Amino acid sequence: MKRGALAAVTLGALGAAVTHRLWSSRERARAERRRIRWQVVTINRRPEEVMPEGRLPEPLARLGESIEVQVRDAPGGRGTELGARPHARIPSGVEEVMARLGGEDPRQAVRRALRESKCLIETGEVLRADEPAARRPAPIGRPPAVAARRAGGEERR
Amino acid sequence: MKALCWRGPGELSVDRVPDPRILNDQDAIVKVTLSATCGSDLDLLGGHGPAVRPGDVIGHEFLGEVVEVGQGVRRHRPGDRVVVCSVIGCGRCWHCERDMWSLCENSHPGPGASGDRWGGDTAGMFGYPHAMGGFRGGHAEYVRVPFADQGAFRVPDGVAEMDALFASDAAPTGWTGAHLGGVRPGDTVAVWGCGAVGQLAARAAMLLGAERVIAIDRHPERLMMTERHIGAETIDYTRSDVPADLRERTGGRGPDVCVEAVGPEGAATGRPRLPGRIRRRIGPGADHLVAVREAVRACRTGGSVFVLGVFAGLADRFPLGMIMDKGLTLRGARQHGQHYIPRLLELMGKGELRAAHLATHVMTLQEAPRGYELFRTRRDGCVRAVFRPWA
Ligand SMILES: NC(=O)c1ccc[n+]([C@@H]2O[C@H](COP(=O)([O-])OP(=O)(O)OC[C@H]3O[C@@H](n4cnc5c(N)ncnc54)[C@H](O)[C@@H]3O)[C@@H](O)[C@H]2O)c1
Ligand SMILES: [Zn+2]
Ligand SMILES: [Zn+2]
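Chains as they are written, first to last, in my numbering: chain A, 1 to 157; chain B, 1 to 391.
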C-alpha cells in the first residue's frame, strides 16, 4: 500500500472511532437520563428496624403511590439497603432543567425522602439546617445557588 | 444577635442577624465566649472557595457556654462550659460508629449535599452554611449546635479557655494527620506549614512517640514559635532545598510520615519562580500543590503522606508515579474531632499539649474584619485572630 493511502485509511478509521465515541457518550448520557434508576441509602440498622411490620419510614410513606421501594440486607453486616424510585415519567430536555430548577424532579423528592428516612431511623429525628441568617436574596442568576440546588436535591425547608 | 457575615469577595461585616433557635431535640444553643480564624477560611475570603452566599455567618472554631438544650440532650445542661467540634457528627451512622466523624452520613441536610460533588456524602460543618450542610458559624454571639451530646465537650476545670478553644478544630486536625498518617514510636515526622494546624500536628506526632519532628515554613516568627512552644526542629524553606535537607537530617532515608498542613495557598519553594506574567496566565493556584509534591518527594520509600490542606478542585502536576514506585501511602481527611477531643483536653489539663500561644491577636467580634485581614496577610506575626463576642 502506498503511504498516502495508508494515511487516509488510518485517518478514516480514527475519524470513525472519534465519531463513534462522541456518539456513544452522548447516547449514553441520554439513555442514562431516561432510565429510572433506583436511589439507595444504606441504613446502619437491621431490616426489621428499618421497616417495622413492613411499614415504610415516614418520609417515604409520604410519597405514597408515586414510588416503588426495595429493601435488602447490606453485605458485611452493614445494615439495610433501602431503595426507592419514582413511577412517574422522568422529565427530559428543557422540561427536565425546568423541573430540577423548580425542585419538581421526582428524583429529588425520592432522594430527599431517603436521606430523611435514614437520618430518622439512625438518629431518631430528621436533622434540620439552620434558618439562613440574612434573608437578603442572592443576586439573580448567581451560579453557585443554582448549582447547589440542582446538585443536592434538597431545599432548605 | 451580632455575627460576622460574608458579604462578598474580601468583604466581611458584623451584622445583626436573628438569634438561633432549637430546631431539633438534640440541639443545644451555645453562647460563644471565644472563636478563632482558620486557614480554611482564606479561600472563602477570596470568594473563589466553595459556594458562599452573602449573609453567611462564618467561623467554625469556638468555645462557649450552653444556654439552652433540646429535650433529647443528655450530657449537657445550661451553664456547661464547652468546646464544640467544628465538624458535625451524629454518632450513630456507620462512619461515626467507626470514629470517622467527618464522614458522618447524617449531618449534611442542607443544599448542595456533598455526595454529588465528591461521589460520597461527607459531614456537615459550622461556618459554611451554603456548602457544608446549612449551619451558621461560630463568629457570633450564639450558635445552634446540632447533635450536642456528640459534638460539644465539657472543658475540664484545670484547662484554660484559650487552650481549650483549639480543641475545636486546629488540635484535632493536627492529631488526625499524625494519627491517621500512622506515626509510630521512634518515627521521624516532617510537617509542612507552621500555622496552628501544622504546629499542632507536630505536637501530636511527638505525643504519639515520634523521635524527631521537623516542621517547615517561611515565616521566622512561626518557625520560632514552633521551636519554642512545640519543641520541633524547623526548616525555613526559603533558605533550603527541603527534600535535600530532610534527606541529610534523616540518614538519607527521608521522614517516615509527612504531614501537609499548608493548603491551596501554598507558596512555591526553592525552585525559581515563574515570571509574574506567566503565573497570571496560568491563574492563581495553578501550582498550589507545591507542599504536597515536596512531601511525596521527600517521604521515605514505603512511608506515608497525609494531606490536611483543604483543596477545593482538581489538581494537576501531581507526582502520581512516585506513589507507586516508592510504595507510598497517600491519605487525607477532614478532622475526626469527636474521636480525639476528650484526649486532647486531658493532655491540655496535664500541660502536655499547649495551644494558647497560637492566639496572637485577641479582639472583640466587632473587630473581626480587621482580625481576618491580619490573619490573611499574616501581618504583625498573626497566627490566629481570636474574637470575644461578649467583650
Ligand atoms: N483537614 C481538616 O480538617 C482541616 C481543618 C483545619 C484546617 N485545615 C487546613 O489545614 C491547612 C493549614 O491550616 P492553618 O490554619 O494552619 O493555615 P495557615 O494559613 O495559618 O498556615 C499555613 C502555613 O503554611 C505555610 N506554607 C505556605 N507554603 C508552604 C510551603 N510550600 N511549605 C511549607 N509551608 C508553607 C504558610 O507560610 C503558613 O504559615 C489549611 O489548608 C486549612 O484549610 C484542614
Ligand atoms: Zn478549620
Ligand atoms: Zn454520623
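These are computed hints drawn from the structure, not numbers from a lab. Treat the numbers as computed from the prediction; the structure is a model and nothing was measured. Just so it is clear, CB atoms sit at the ideal spot from N, CA and C, and this is done for glycine as well. Honestly, I wouldn't trust all of these hints.
Unchecked claim - Pairwise CB distance ranges (calculated): (1) A/G64 <-> B/R74: 29 to 37 Å; (2) A/R35 <-> B/E65: 48 to 56 Å; (3) B/R218 <-> A/E48: 33 to 41 Å.
Said to hold, decoys possible - Looking from chain B toward chain A, a few residues come up when the C-beta cut is under 10 Å (computed): (4) T33; (5) D56; (6) W94; (7) N106; (8) G124; (9) R144; (10) P146; (11) R317; (12) F318.
A quick look at each hint next to the structure:
1. Here the CB-CB span from A/G64 to B/R74 is close to 36 Å, well matched to the stated 29 to 37 Å.
2. Between A/R35 and B/E65 the beta carbons are some 53 Å apart, a value that agrees with the proposed interval 48 to 56 Å.
3. Distance hint for B/R218 and A/E48: a CB-CB separation of about 59 Å, inconsistent with the stated range 33 to 41 Å.
4. Taking 10 Å as the C-beta contact cut-off toward chain A, the hint placing B/T33 at the interface is violated, the least distance being around 20 Å.
5. With a cut of 10 Å, the hint placing B/D56 at the interface with chain A holds, because the nearest CB-to-CB distance is about 7 Å.
6. With a cut of 10 Å, the hint placing B/W94 at the interface with chain A holds, because the nearest CB-to-CB distance is about 5 Å.
7. For B/N106, the interface hint holds, the least distance from its beta-carbon to any beta-carbon of chain A being 4 Å, beneath 10 Å.
8. For the restraint placing B/G124 at the interface with chain A, the shortest Cβ-Cβ distance is roughly 8 Å, inside the 10 Å limit, so the hint holds.
9. Annotation: interface hint on B/R144 holds; nearest CB of chain A at approximately 6 Å, less than 10 Å.
10. This hint holds: B/P146 has a C-beta 6 Å from the nearest C-beta of chain A, less than the 10 Å allowed.
11. Taken as an interface hint, B/R317 does not check out: its beta carbon lies about 27 Å from the nearest beta carbon of chain A, beyond 10 Å.
12. Proximity of B/F318 to chain A is violated relative to the hint, the smallest CB-CB distance being about 25 Å (cut-off 10 Å).
In this structure, the earlier hints numbered 3, 4, 11 and 12 are contradicted, and the remaining ones agree with it.
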